[in-house]
Amino acid sequence: MKRFGIAFVSGALFGAGLLISGMTDTQKVQGFLDITGSWDPTLAFVMVGAILPMMLAWRLTRGRRPLAGGQWPAHPKSAPDRRLIVGSTMFGVGWGLAGLCPGPAIASVGFGGTEGLLFLAAMAIGMIGSGRVLQWLDQDTATA
Amino acid sequence: METAWIFGLMGGMLIGVAGLILLLGNGRIMGVSGIFGRLIDGSAPSDWAERLTFVAGLALAPFVIALTLGGAPTHLTSNTGVILAAGVLVGFGTRLANGCTSGHGVCGISRLSLRGLIATLVFCAAGAGTVALLRLLGVL
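Respectively, the protein sequence lines represent chains A and B. Counting from 1, one number per residue, gives the positions in the first sequence under the numbering used here. Counting from 145, one number per residue, gives the positions in the second sequence under the numbering used here.
Just so you know, the hints here were simulated from the structure itself, not pulled from any lab data. Everything numeric in this text was worked out from a predicted model, so none of it was measured. Note that beta-carbon positions come from the ideal geometry of N, C-alpha and C, so glycine has one too. A few of these clues could be false.
[What the hints assert, rightly or not] If the Cβ cut is set under 7 angstroms, some of the chain B residues that face chain A in the computed set are:
(1) Trp149
(2) Gly225
(3) Leu228
(4) Arg239
(5) Ser246
(6) Ile262
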């Protein structure tokens, strides 16, 4: 029960933060990416505001265990690789096209109209498709 | 300092506190593409309910706030082709790279992760390039 309470409160605070910071407004996000036009630095303030409590959080993991049990997430084993670069490039292009990333896409689903629902559905298809392609790629390397 | 920047900083801190709670509480990284992606592709059979609870909170809280404010503008394009292309790219790319703005950007950079930092630089550059191109084409 405790795990569910924590997950819900975290999700709710995240959603509230996205709305309050203006990040559910695609114009503000595209405005941040518009470095050659009229640049809107709001997203940079959001990132700084979010990274500060998270730096404290990582520090607080030392010598402790998660409150609801389990282990801390492991450090990623691999160095930056091709998947990271190719995937992030694809994500960036989609992000620039619509001004939505996964967090705000879910956070705005209740008030984003049909367009918001359509984006979420397309994103879900992309995510499931990516998993399938990765599975296929891994199988290919395993048999090679 | 403009009001929007102050709201950005305050909302950002809420996002950071949300990540702090999920990490110190459940030992999980608050990365939306991973939490949602593994929920819908069925690759996390043991903790799907916990993921669903997070996603429910993420959708519900801003909906209630927007309702009390009398709506919140998203200014999303009405061009169906652009929405579909962008959605598929965001979904496919974030799962391929194993993270998005929250996982790589917020949680990765704060952990001084090289992968997180590089991913963030790459998707910001690709996003800026795309917006510059849209500007050039006169559609934005």
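TODO: Answer holds if the nearest beta-carbon of chain A is closer than 7 angstroms to that of Leu228/B; otherwise answer violated.
DONE: 5 angstroms, holds
Open item on the list: So, as I understand it, the hint says Arg239/B touches chain A; can you test that by seeing if any CB pair is closer than 7 angstroms?
Closed with: 4 angstroms, holds
TODO: Verify the interface restraint on Gly225/B: the C-beta must sit less than 7 angstroms from at least one C-beta of chain A.
DONE: Violated - the Cβ of Gly225/B stays beyond 7 angstroms from chain A, reaching only about 10 angstroms at its closest.
- [ ] Closer than 7 angstroms between Cβ atoms is the bar; does Ser246/B clear it against chain A? Give me holds or violated.
- [x] Holds - the Cβ of Ser246/B comes within 7 angstroms of chain A, reaching about 5 angstroms at its closest.
Open item on the list: Restraint: Trp149/B near chain A, CB-CB cut 7 angstroms. Satisfied or not?
Closed with: At 5 angstroms from the nearest chain A Cβ, Trp149/B passes the 7 angstroms test, so the hint holds.
Task: chain A contact restraint for Ile262/B - C-beta distance below 7 angstroms - done: With a closest approach of 5 angstroms, the Ile262/B hint holds.
In terms of the numbered hints stated before, the structure departs from hint 2 and from no other.
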